[in-house]
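Chains as they are written, first to last, in the working numbering: chain P, 667 to 845; chain E, 38 to 309.
Please keep in mind that the hints were generated in silico from the structure rather than gathered at the bench.
These numbers come from a predicted model, not from an experiment.
Just so it is clear, CB atoms sit at the ideal spot from N, CA and C, and this is done for glycine as well.
Among the hints, erroneous ones may be present.
Said to hold, decoys possible - As a list, the in silico DSS-like pairs of lysine-lysine whose alpha-carbon atoms are at most 27 Å apart:
id : chain 1 : residue 1 : chain 2 : residue 2
1  : P       : LYS834    : E       : LYS216
2  : P       : LYS834    : E       : LYS250
3  : P       : LYS834    : P       : LYS714
4  : E       : LYS181    : E       : LYS281
5  : E       : LYS137    : P       : LYS800
6  : E       : LYS181    : E       : LYS274
7  : P       : LYS714    : E       : LYS181
8  : E       : LYS250    : P       : LYS714
9  : E       : LYS108    : P       : LYS805
10 : E       : LYS129    : P       : LYS805
11 : P       : LYS842    : E       : LYS250
12 : E       : LYS99     : E       : LYS281
13 : P       : LYS800    : E       : LYS300
14 : P       : LYS800    : E       : LYS108
15 : P       : LYS805    : E       : LYS137
16 : E       : LYS129    : P       : LYS800
17 : E       : LYS216    : E       : LYS250
To be verified - Per the computed footprint, the stretches of chain E lying under chain P, defined by three or more beta-carbons under 8 Å from a beta-carbon of chain P, are:
id : region
18 : 45-52
19 : 115-129
20 : 160-166
21 : 187-194
22 : 240-247
23 : 259-266
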Amino acid sequence: MTIRTVIYAALLAAVTAVLAQIAIPLPGGVPFTLQVFAVFLGIFLLGKKSFWGMVTYLLLGAVGLPVFAQARGGIGVILGPTGGYLLGFALSGLIAGYIVEFTNFNLRGKILAVVVSLLIIYSLGTIQLAYVLKLPLSKAIAVGVTPFIPWDILKGAIALLLATHLQKALSTAGVKLNG
Amino acid sequence: MINVNTIGQYIPGNSLIHRLDPRTKFFTLLVAVFLVFFLDNLVHLGFLLFGVILVTFLAGIKPKMFWQALKPVVFILVLALILQLFFTPGEKLITIGPFKITREGLINSGIVFLRLVVMLLSAYLLTATTSPTELTHGLESLLKPFGRFGLPYGEIALMLTIALRFIPTLTEEAERLIKAQESRGADFYTRGLSKKAQMMLPLIIPLFINAFKRADELAVAMEARGYRIGAPRGKLKPLKFTAKDYLFLFLNLLIAMLFVILKLWGGFPAKF
Chain P
667 MTIRTVIYAA
677 LLAAVTAVLA
687 QIAIPLPGGV
697 PFTLQVFAVF
707 LGIFLLGKKS
717 FWGMVTYLLL
727 GAVGLPVFAQ
737 ARGGIGVILG
747 PTGGYLLGFA
757 LSGLIAGYIV
767 EFTNFNLRGK
777 ILAVVVSLLI
787 IYSLGTIQLA
797 YVLKLPLSKA
807 IAVGVTPFIP
817 WDILKGAIAL
827 LLATHLQKAL
837 STAGVKLNG
Chain E
38 MINVNTIGQY
48 IPGNSLIHRL
58 DPRTKFFTLL
68 VAVFLVFFLD
78 NLVHLGFLLF
88 GVILVTFLAG
98 IKPKMFWQAL
108 KPVVFILVLA
118 LILQLFFTPG
128 EKLITIGPFK
138 ITREGLINSG
148 IVFLRLVVML
158 LSAYLLTATT
168 SPTELTHGLE
178 SLLKPFGRFG
188 LPYGEIALML
198 TIALRFIPTL
208 TEEAERLIKA
218 QESRGADFYT
228 RGLSKKAQMM
238 LPLIIPLFIN
248 AFKRADELAV
258 AMEARGYRIG
268 APRGKLKPLK
278 FTAKDYLFLF
288 LNLLIAMLFV
298 ILKLWGGFPA
308 KF
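Can you build the whole structure from these sequences, using the hints too?
See below:
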């Protein structure tokens with residue numbers, strides 16, 4: 667690992683921690699946090715490096731900082747019913763990050779990366795939810811996946827839009843992330 | 038507003054549990070989590086809960102703080118208990134309208150409840166009695182043996198330290214950005230979805246740009262001062278095992294063994 671990887675990953679973790687605390691109330695009552703944007707943007711901008719960013723983010727939570735959504739923190743959150751989704755962030759950072767790097771950061775690769783990371787996050791999330799709460803898989807999916815699919819696809823689309831703006835702005839600012 | 042306090046759940050103190058080496062406490066948590074999923078008997082899990090409560094008193098943590106540990110999962114816990122209670126097939130006990138409560142449902146919901154409470158309390162105990170810095174050092178030291186398999190334990194600790202350092206800075210920056218946008222008439226709280234998406238643009242983009250600019254500057258500064266990844270480094274406060282750590286570790290193994298024997302033997306209210 668190079669110094670740059672270490673520092674970019676650390677800053678990605680810090681940005682994710684901050685964005686997870688910004689919640690926009692939706693008409694339905696479900697708070698809309700910006701956490702997932704940080705996950706997607708990390709993958710789009712940093713590729714595989716975002717894996718270490720997400721690992722750091724999870725460890726920040728594990729050492730007790732209230733960095734997860736709704737200011738939650740502690741190892742209990744990671745081991746608890748919804749921890750699988752968080753572990754999914756790290757794994758998708760690795761796999762979707764690889765896809766993005768392999769396709770040379772082009773749009774098609776990024777769209778594929780969104781789909782793959784959502785699949786990873788849902789799978790790990792559902793398995794842990796079902797295991798910790800002793801629920802059958804079908805019930806875990808009905809509670810933990812189905813209601814969120816439309817929102818997550820929307821968030822993925824917005825993240826793609828943001829990434830294009832960000833890349834332009836970063837090159838104007840003279841910051842080279844992958845070079 | 039946004040608030041990410043960087044001492045986290047830590048409650049400063051000088052109890053026996055506070056003074057244990059962070060590695061001892063990590064190991065204790067591992068044992069507790071193993072037992073939580075290994076045991077599937079209400080009475081055994083009850084014993085475990087008693088043990089965790091005992092440690093909580095040793096740590097001088099007030100019972101009202103338990104809420105702090107359980108708050109994150111209350112909603113999902115209640116949901117799971119309802120699902121378990123009413124939808125587990127088995128021997129009928131009570132019928133309320135169209136719903137049936139079964140013996141199996143009752144036992145299952147009890148197990149799920151005890152498991153989550155024990156797990157969350159023990160995880161909370163670790164972070165309540167150990168500061169994030171201590172935990173980072175403990176983690177680094179525990180991961181060290183995996184270094185030979187290619188695990189970059191030193192870099193992981195460094196990433197944690199840098200992230201800890203930058204969270205307050207970025208929090209402040211995000212607040213400033215929100216205020217700046219609001220003073221220009223941005224409304225983060227109402228209107229339609231597409232408007233909300235537009236609102237996020239002038240918040241997320243500058244936040245990311247600033248973060249990566251700072252990262253760039255820090256990287257240049259560290260390289261210029263000759264920072265080398267993986268170079269041997271000393272600690273300001275080295276971790277040290279003392280007699281009480283060895284005693285605690287021994288008790289851990291003893292308790293874990295007792296529980297394993299209890300389960301394999303199958304006795305002592307085996308009905309639950």
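Results for each hint:
no.	hint	in the structure
1	P:LYS834 to E:LYS216	holds, 25 Å
2	P:LYS834 to E:LYS250	holds, 14 Å
3	P:LYS834 to P:LYS714	holds, 20 Å
4	E:LYS181 to E:LYS281	holds, 23 Å
5	E:LYS137 to P:LYS800	holds, 18 Å
6	E:LYS181 to E:LYS274	holds, 17 Å
7	P:LYS714 to E:LYS181	holds, 23 Å
8	E:LYS250 to P:LYS714	holds, 20 Å
9	E:LYS108 to P:LYS805	holds, 23 Å
10	E:LYS129 to P:LYS805	holds, 21 Å
11	P:LYS842 to E:LYS250	holds, 10 Å
12	E:LYS99 to E:LYS281	holds, 23 Å
13	P:LYS800 to E:LYS300	holds, 19 Å
14	P:LYS800 to E:LYS108	holds, 20 Å
15	P:LYS805 to E:LYS137	holds, 18 Å
16	E:LYS129 to P:LYS800	holds, 20 Å
17	E:LYS216 to E:LYS250	holds, 21 Å
18	45-52	holds (count 3)
19	115-129	holds (count 5)
20	160-166	holds (count 5)
21	187-194	holds (count 3)
22	240-247	holds (count 6)
23	259-266	holds (count 4)
Comparing the model with each earlier hint shows no violations; every hint is respected.
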